[in-house]
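First to last, the protein sequences are chains C and D. Taken in order, the first sequence gives residues 608 to 1042; the numbers are from the working numbering. Taken in order, the second sequence gives residues 608 to 1042; the numbers are from the working numbering.
It is possible that some hints are incorrect.
[Unchecked claim] Here are the simulated distance ranges between beta carbons:
#, chain 1, residue 1, chain 2, residue 2, range
1, D, Ala741, C, Asn944, 27 to 37 Å
2, C, Thr938, D, Leu613, 36 to 46 Å
3, C, Thr938, D, Leu791, 35 to 45 Å
[Unchecked claim] Here are the simulated lysine-lysine pairs, PhoX-like style, with alpha carbons at most 25 Å apart:
#, chain 1, residue 1, chain 2, residue 2
4, C, Lys881, D, Lys881
5, C, Lys881, D, Lys845
6, C, Lys840, D, Lys881
7, D, Lys617, C, Lys740
8, C, Lys881, C, Lys621
Just so you know, these hints were derived from the structure itself, not from any lab. Glycine included, C-beta positions come from ideal geometry on N, C-alpha and C.
2 protein chains.
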Amino acid sequence: VIGLALKAWKFLQKAWDLGVDDPRKVIHCLKVGTALAVVSLFYYMRPLYEGFGKNAVMWAIMTVVVVFENCVGATVCKSLNRVCGTLLAGFFALGVHSVASQSGQRFEPIIVGASVFLLASAATFSRFIPSVKARFDYGAMIFILTFSLVSVSGYRVDKLFEMAHHRISTIIIGTSLCIIISMLICPIWAGQELYTLTTRNMDKLTTSLDGCVEEYFKDSGSVVESNKKCHKKLQGYKCVLISKAAEESMANFARWEPGHGPFNFRHPWQQYLKIGSSMRSCAYCLEALNGCINSENQAPEYIKRHLNNSSLKVSSNSSSVIKELAITIKTMKKSSNIHSLVGEMNSAVQELQNDLKSLPKLFSPPSMPEADTPENKKIESISRTMVKMPLMEIVPLLTLASLLIEIATRISGIVDAVEELENLAEFKHASNDKC
Amino acid sequence: VIGLALKAWKFLQKAWDLGVDDPRKVIHCLKVGTALAVVSLFYYMRPLYEGFGKNAVMWAIMTVVVVFENCVGATVCKSLNRVCGTLLAGFFALGVHSVASQSGQRFEPIIVGASVFLLASAATFSRFIPSVKARFDYGAMIFILTFSLVSVSGYRVDKLFEMAHHRISTIIIGTSLCIIISMLICPIWAGQELYTLTTRNMDKLTTSLDGCVEEYFKDSGSVVESNKKCHKKLQGYKCVLISKAAEESMANFARWEPGHGPFNFRHPWQQYLKIGSSMRSCAYCLEALNGCINSENQAPEYIKRHLNNSSLKVSSNSSSVIKELAITIKTMKKSSNIHSLVGEMNSAVQELQNDLKSLPKLFSPPSMPEADTPENKKIESISRTMVKMPLMEIVPLLTLASLLIEIATRISGIVDAVEELENLAEFKHASNDKC
């Protein structure tokens, strides 16, 4: 029993943390509660109740429970799907009903059964088609539901039109209540969330990139204490790796939302998915890079030092490009100096490549000045074979360098995607005040 | 108009392709149609109809539409959630109703409204808790729905118990029909799907790994014609990268399924997620490796040849380890030679490392045999500076090698995860017949 109580306590604690962590979730719950309480109280107002019939009020409650979602886009999407699906199915069902009722009592069940079978199968199949699934999945379900209900109950209930009228009007009452409450009380916009996610992921990417490279070139003897916190920061890129599904659903919902904040109705949300996927391709490289940082073979300090500056320069220039992109998206203004930043990044890459090219010189004698005495040469050539390049040890370093170069290439992909967004969303040029 | 017709035609064609591609989807649609037609015909059987009341039959139809899912696990999960949610909410609602009806007509709406508000908020919040969301999301929704409906309608309808009884029994009829049809007619088991997905992803991983490395070491002058088909094969690892969400939902549903085929009821499905994530960490490296294959800097042929054999050996040994793991999972028998395969892989890695170590020798003269005449030496040392290691060109090659080594390390992670699965699921030892 104590174990159970402890478990329950832990569960409650976790729930509490969740609420403290994101108070908007708590607000959403209160919003759902309010909407339901309001709809329930409809029932107690006799005039309304008598106008619609008790079954009809039930539909309003059901609508609120099923349609109310966390973000505005999802609520609007489900509401429209519900209304359209119900209307469409209602028309179909009335048609089938009129045909069936004219064909005599014996064929009626057969016609109704066959039409339910056919239309339900077809609508279920349409839910597998990706473009339908993304937007009208719920509508197709409601279509099946309403069609079956109406065509079946049409056999018994003769007041079909009246019933349909009541049902549609209660559904409309329910959906409009949901849409109004979700838009007016602390609205959570899917578009805004997608936008925040994108810029936050960019920040995480830069932190990880900078952090990883710095970590690698840090003196191995330095502090280990702040390691844990630091480690968590380095792992930020993992959020980029796993946010594909979240981005897709948000982009799907965002297109149903009316203009809000800085976004107008036809904001190119799909472009954020492209930006996300190009960020992910960077993050894959970062994951591999993280692997070679933790490798056992470590290059000797003096070789590290040779590439230290240029590597750090590549990483810091790369991350300033990403930071600039994040600022572009945050302010929704075309950046005036993104091209010069990309140029700097490319020249840093060039520098790193030059440093790589000159790396073998570290292991060969300065340049063989005036080979004079044979003895001298002999010693020299012996020492040369001694200082033979420790290739095995520097492989992780070279891998790091080449991954950095690859990351810089992929960052150009992000730049292209963001520039496309700039054009599609018609970002303004940044005013030159801040220069 | 013609444009619209063309669009519709294209849409139909796409739908047709989808059906041909996976006939099980078509079968699922027919199953849904059958279930609905059967439930609808209940309505025409007067004895049943009169026993339950027309509203009650509606609940059976609704249940079928809402609960019937593509795979058995999802259907069972939703069915149980629906039944339990309804029962629990019914009890709560009866309690609230009895309290409310004793407190006088004036307070009744207030008590009902407040309780709806509180419980709906709490249940909505519970849907945010990850462990609840994974298993009881639908149940929580049904709880809110039923509680609101019952506590509100309780005010008017006095035959509450009878209504509850009818509703529960129609819901049970609907859910059992769904479960029976989804289990008996061409069942699609989420567990089986997860298992197939895992082994298929392993195959794709090996194909990509082998393909990438072969592609790199192939003579650049060879055939380009079969490039496109080959390219598609190489991209197989991308499926591994994006299958996280699918794996998670399948593992969630699989735990609701009864034993089927070779899997018993408590098969450790969660372990497949671990295997999946360790495969993904391999795929990240493969993605980075793919980047360096397409790099512009290519190592000269003679250096490539030096690492050719050992790299190919590492990749083929790595992929035979993965293949063996796939066979282990496919046959559900402990592999007898996985350890020797891992050993071979590790020794191949060792060999590759040795080859890397000996790489600098390619650029230094054989071993300075009997340095005799000064003139000779002079020529030699000049030629040595000429054949200076082209580090920039071999960086992609070295990166490839180090990524291969990293991949081999990560494959050990897959081996560990699969071994844990072997223990958890109590795989038998493979019989020695095939030796």
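Outcome of the hint check:
The hint said 27 to 37 Å for the Cβ distance between D:Ala741 and C:Asn944, and at roughly 46 Å that hint is violated. The hint said 36 to 46 Å for the Cβ distance between C:Thr938 and D:Leu613, and at roughly 42 Å that hint holds. Checked against the hint of 35 to 45 Å, the C-beta distance between C:Thr938 and D:Leu791 comes to roughly 60 Å, which is inconsistent with it. Simply put, C:Lys881 and D:Lys881 have alpha-carbon atoms about 28 Å apart, too far for the 25 Å limit, and the pair is violated.
Proximity of C:Lys881 to D:Lys845 is assessed by CA-CA distance (about 16 Å); at most 25 Å being required, the pair is judged to hold. Restraint check: the Cα-Cα separation between C:Lys840 and D:Lys881 comes to about 23 Å, which is no more than 25 Å; the hinted pair holds. With a C-alpha separation of about 17 Å, the suggested pairing of D:Lys617 with C:Lys740 holds against the 25 Å cut-off. With a C-alpha separation of about 35 Å, the suggested pair C:Lys881 and C:Lys621 falls outside the 25 Å cut-off, and the hint is violated.
In the structure shown, a violation is registered for the earlier hints numbered 1, 3, 4 and 8, in ascending order.
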